[in-house]
Amino acid sequence: MELNKLSAMELQYHVEQLQGRYVECIDDDRLEQWPEFFVEDCMYKIISRENHERGLPAAAIFCDSRGMLVDRIVSLRNANVYAEHNYRHVLSNVLIQGLNESVISVQSNYLVLQTKTDGATEIYNAGKYMDKIVADGDGLRFKEKIAIFDTHQIKSLLVTPI
Amino acid sequence: MNAVIDTTNGSLYWPIDDEAGHVPYGVFTDARIYEVEQERIFRGDNWSFVGLTAELPDPGDFKATYIGDTPVIVTRDREGGINVMTNRCAHRGALVCRSARGNIDELECVYHQWKYDMQGKLIGVPFRRGLGGRGGMPEGFRMEQHGLDRLRVDTVGHLIFATFSDKVEPLRDYLGAVIVNHIERICHSPIRVLGDERQLVQGNWKLYAENTRDPYHASLLHLFHTTFGLYRSTQKGGSWMDDKKRHTVLTASQGTDEGKMEGYDGLRTFNAEFTLKDPSLLAGRKEFDDGVTLVILTTFPNLVLQQIANTLAVRQTVTKGPGQFELVWTQFGYEEDDEEMQKIRNKQGNLIGPAGLISMEDGEAVEIVHEAIIRDQEEASYIGMGGGKAEDTEHLVTESAVIGFWQYYRETMQVDAGAS
Numbered sequence: 001m002e003l004n005k006l007s008a009m010e011l012q013y014h015v016e017q018l019q020g021r022y023v024e025c026i027d028d029d030r031l032e033q034w035p036e037f038f039v040e041d042c043m044y045k046i047i048s049r050e051n052h053e054r055g056l057p058a059a060a061i062f063c064d065s066r067g068m069l070v071d072r073i074v075s076l077r078n079a080n081v082y083a084e085h086n087y088r089h090v091l092s093n094v095l096i097q098g099l100n101e102s103v104i105s106v107q108s109n110y111l112v113l114q115t116k117t118d119g120a121t122e123i124y125n126a127g128k129y130m131d132k133i134v135a136d137g138d139g140l141r142f143k144e145k146i147a148i149f150d151t152h153q154i155k156s157l158l159v160t161p162i
Numbered sequence: 001m002n003a004v005i006d007t008t009n010g011s012l013y014w015p016i017d018d019e020a021g022h023v024p025y026g027v028f029t030d031a032r033i034y035e036v037e038q039e040r041i042f043r044g045d046n047w048s049f050v051g052l053t054a055e056l057p058d059p060g061d062f063k064a065t066y067i068g069d070t071p072v073i074v075t076r077d078r079e080g081g082i083n084v085m086t087n088r089c090a091h092r093g094a095l096v097c098r099s100a101r102g103n104i105d106e107l108e109c110v111y112h113q114w115k116y117d118m119q120g121k122l123i124g125v126p127f128r129r130g131l132g133g134r135g136g137m138p139e140g141f142r143m144e145q146h147g148l149d150r151l152r153v154d155t156v157g158h159l160i161f162a163t164f165s166d167k168v169e170p171l172r173d174y175l176g177a178v179i180v181n182h183i184e185r186i187c188h189s190p191i192r193v194l195g196d197e198r199q200l201v202q203g204n205w206k207l208y209a210e211n212t213r214d215p216y217h218a219s220l221l222h223l224f225h226t227t228f229g230l231y232r233s234t235q236k237g238g239s240w241m242d243d244k245k246r247h248t249v250l251t252a253s254q255g256t257d258e259g260k261m262e263g264y265d266g267l268r269t270f271n272a273e274f275t276l277k278d279p280s281l282l283a284g285r286k287e288f289d290d291g292v293t294l295v296i297l298t299t300f301p302n303l304v305l306q307q308i309a310n311t312l313a314v315r316q317t318v319t320k321g322p323g324q325f326e327l328v329w330t331q332f333g334y335e336e337d338d339e340e341m342q343k344i345r346n347k348q349g350n351l352i353g354p355a356g357l358i359s360m361e362d363g364e365a366v367e368i369v370h371e372a373i374i375r376d377q378e379e380a381s382y383i384g385m386g387g388g389k390a391e392d393t394e395h396l397v398t399e400s401a402v403i404g405f406w407q408y409y410r411e412t413m414q415v416d417a418g419a420s
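Chains A and B are the protein sequences, given in the same order. Start counting the first sequence at 1; every next residue gets the next number (this note's numbering). Start counting the second sequence at 1; every next residue gets the next number (this note's numbering).
Simulated from the structure, these hints should not be mistaken for laboratory data. Glycine included, each C-beta is placed from N, C-alpha and C at the ideal position. It is possible that some hints are incorrect.
According to the in silico footprint, chain B covers these stretches of chain A (three or more CB under 8 Å from chain B) [what the hints assert, rightly or not]: (1) 15–25; (2) 80–91; (3) 115–128.
Calculated pairs, EDC-like style, for lysine to aspartate or glutamate (alpha carbon to alpha carbon, straight line, at most 20 Å) [said to hold, decoys possible]: (4) B:LYS343 / A:GLU36; (5) B:LYS286 / B:ASP243; (6) B:LYS236 / B:GLU287; (7) A:LYS143 / A:GLU50; (8) B:LYS277 / A:ASP150; (9) A:LYS155 / B:GLU106; (10) A:LYS45 / A:GLU24; (11) A:LYS155 / B:GLU258; (12) A:LYS45 / A:GLU32; (13) A:LYS45 / B:GLU367; (14) B:LYS244 / B:GLU169; (15) B:LYS343 / A:ASP150; (16) A:LYS155 / B:GLU391; (17) A:LYS116 / B:GLU367; (18) A:LYS155 / B:GLU326; (19) B:LYS236 / B:GLU106; (20) B:LYS277 / A:GLU24; (21) A:LYS128 / A:ASP150; (22) A:LYS116 / B:GLU371; (23) B:LYS286 / B:GLU339; (24) B:LYS121 / B:GLU106; (25) A:LYS155 / B:GLU169; (26) B:LYS343 / A:GLU24; (27) A:LYS45 / B:GLU106; (28) B:LYS244 / B:GLU106; (29) B:LYS286 / B:ASP265; (30) B:LYS277 / A:GLU40; (31) B:LYS277 / A:GLU50; (32) B:LYS277 / A:ASP118; (33) B:LYS343 / A:ASP118; (34) A:LYS116 / B:GLU364; (35) A:LYS128 / A:GLU24; (36) B:LYS244 / B:GLU340; (37) A:LYS143 / B:ASP278.
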């Protein structure tokens, strides 16, 4: 895919398709496929707005390779102990902020609703994504995805990616 | 006897310790006990952790936090001193400080604009002498009598503690030499704050106090610890307490148990098949000459200071009723950290906090206990690993520090031994 040849509307379409498929993958619990949304040499971070705005590095999750994303999922499946739950992401306000040297910068808002086995659905995490997206083969992948969350009081724990 | 607390005389029912310690479940769930704890523990004769000196480097810096559930303000004044005051205006009781942190010239209550200096002294009252001869404060009103309530404050290493008590011994005596030495070991040079994480746990705060004094669970609940040898009960280490058994330090040294791990055969958390695709997560650096790679230090009632591999952090417990508490994690490194060390700490940050590959599970452990003990208040736990006594041990197959916690809890809550 040659990004420079796409119209603004086409670019918006492809970016929204990528983001839609990304959250669908998580919400459908196909987490083994989740690392495939990233290039090998990627950055994925979940950080509180509180730390981000102070320029402090402490992140809830910090992965600087696709291998680390795989390890997070293997760990979630085999190592970690947590209550069963499902996520439902709601995405909005997908704004393309620029296209520089084949990197698309995108900001969007998200809401993660969480449902545990008792059936109650709660707002679990609200925030924004700051994405750097690149063309990789036929499609787009994330070079960088930073989820900056407003909900800095994490309820119970955080194990499933956002 | 169905209730753990007797409301007629305030005494608590407590089963008699035999070969093990027993804690009645009602102590975790009863709202009346929570009220007594606020007065006798958090506002009583104990020192609570309120922050790191590095959070308030400059005059005018402030931080809002809690001791138990009482809101307090921590400030750095013009002279460089640290002050802790109740976050409540002396006029009509409003929160004076409504931001989590910042830098200001003076504290001002938004309700009627009463102003205080950074030591809590009242320095401004609008319309104090009235307007055009009308209104004004009474004749006898004295500014110096209406400052913010000040707490006693002291520091050890980079840690700030405060107390509402006039009676409690000085901080260093309260902590005792073992704890002070371990705090100073970690606080050996100036630190840099890396950020905060906040975890809202649906359980009683004392379940977390037990958890962090319990080396028995650490290799059984946490696969990461066991499989990657970050912590195992077969390692060289131990559990030490102060004289009154209220504070604990647990230590372990990685790489000291080769060939001695037969007890882990068949356990869920020892899984040699589990490997990391990107092992850089655990590629750390040796930091301390003593070879100790894990320290979990707890001080009664609300602090954990930790070193796990190359992660350093304080965890502050903020109570929110009997069934909920907030755990505030503040990660830090040293000012002298080179670029590589900063990267190591960032990456190993994945191990701790609410999303920590190790520590997330402690939140879950607290919640599954709290959910199960909601009734049968007079039923009690059985705490016996290592002999059921509050004794220091030079091994990690023990719950002795959990016994110690409850021993001191009964003392500070003024529970008669064995009363029922």
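So, going through the hints one by one against the coordinates:
1. 15–25: violated (count 0)
2. 80–91: Since 4 is at least three, the answer is holds.
3. 115–128: violated (count 0)
4. B:LYS343 / A:GLU36: Given pair LYS343 (chain B), GLU36 (chain A) is violated - Cα atoms ~25 Å apart, limit 20 Å.
5. B:LYS286 / B:ASP243: Roughly 31 Å separates the two Cα atoms, so the pair is violated.
6. B:LYS236 / B:GLU287: Cα-Cα ~17 Å, so holds.
7. A:LYS143 / A:GLU50: Judged against 20 Å, a Cα distance of about 24 Å means the pair is violated.
8. B:LYS277 / A:ASP150: 31 Å, violated
9. A:LYS155 / B:GLU106: Distance ~34 Å between LYS155 (chain A) and GLU106 (chain B) Cα, so the pair is violated.
10. A:LYS45 / A:GLU24: 19 Å, holds
11. A:LYS155 / B:GLU258: Violated: LYS155 (chain A) and GLU258 (chain B) sit about 38 Å apart, past 20 Å.
12. A:LYS45 / A:GLU32: 18 Å, holds
13. A:LYS45 / B:GLU367: 27 Å, violated
14. B:LYS244 / B:GLU169: Satisfied, since the Cα-Cα distance of roughly 13 Å is no more than 20 Å.
15. B:LYS343 / A:ASP150: Judged against 20 Å, a Cα distance of about 25 Å means the pair is violated.
16. A:LYS155 / B:GLU391: Measuring from Cα to Cα gives roughly 35 Å; hence the hint is violated.
17. A:LYS116 / B:GLU367: Cα-Cα ~14 Å, so holds.
18. A:LYS155 / B:GLU326: This hinted pair holds, its Cα atoms lying about 9 Å apart.
19. B:LYS236 / B:GLU106: Violated: LYS236 (chain B) and GLU106 (chain B) sit about 51 Å apart, past 20 Å.
20. B:LYS277 / A:GLU24: 25 Å, violated
21. A:LYS128 / A:ASP150: Distance of about 8 Å is within 20 Å: holds.
22. A:LYS116 / B:GLU371: Answer holds: LYS116 (chain A) to GLU371 (chain B) is near 14 Å, not above 20 Å.
23. B:LYS286 / B:GLU339: 16 Å, holds
24. B:LYS121 / B:GLU106: This hinted pair holds, its Cα atoms lying about 10 Å apart.
25. A:LYS155 / B:GLU169: 37 Å, violated
26. B:LYS343 / A:GLU24: Violated, because 32 Å separates the two Cα atoms, which is more than 20 Å.
27. A:LYS45 / B:GLU106: 37 Å, violated
28. B:LYS244 / B:GLU106: Outside the cut-off at roughly 40 Å; violated.
29. B:LYS286 / B:ASP265: 29 Å, violated
30. B:LYS277 / A:GLU40: It holds: about 12 Å lies between the C-alpha atoms, which stays within 20 Å.
31. B:LYS277 / A:GLU50: 31 Å, violated
32. B:LYS277 / A:ASP118: With Cα atoms ~35 Å apart, LYS277 (chain B) and ASP118 (chain A) exceed 20 Å; violated.
33. B:LYS343 / A:ASP118: Status violated; Cα separation ~40 Å.
34. A:LYS116 / B:GLU364: 13 Å, holds
35. A:LYS128 / A:GLU24: 17 Å, holds
36. B:LYS244 / B:GLU340: Answer violated: LYS244 (chain B) to GLU340 (chain B) is near 41 Å, above 20 Å.
37. A:LYS143 / B:ASP278: Cα-Cα ~17 Å, so holds.
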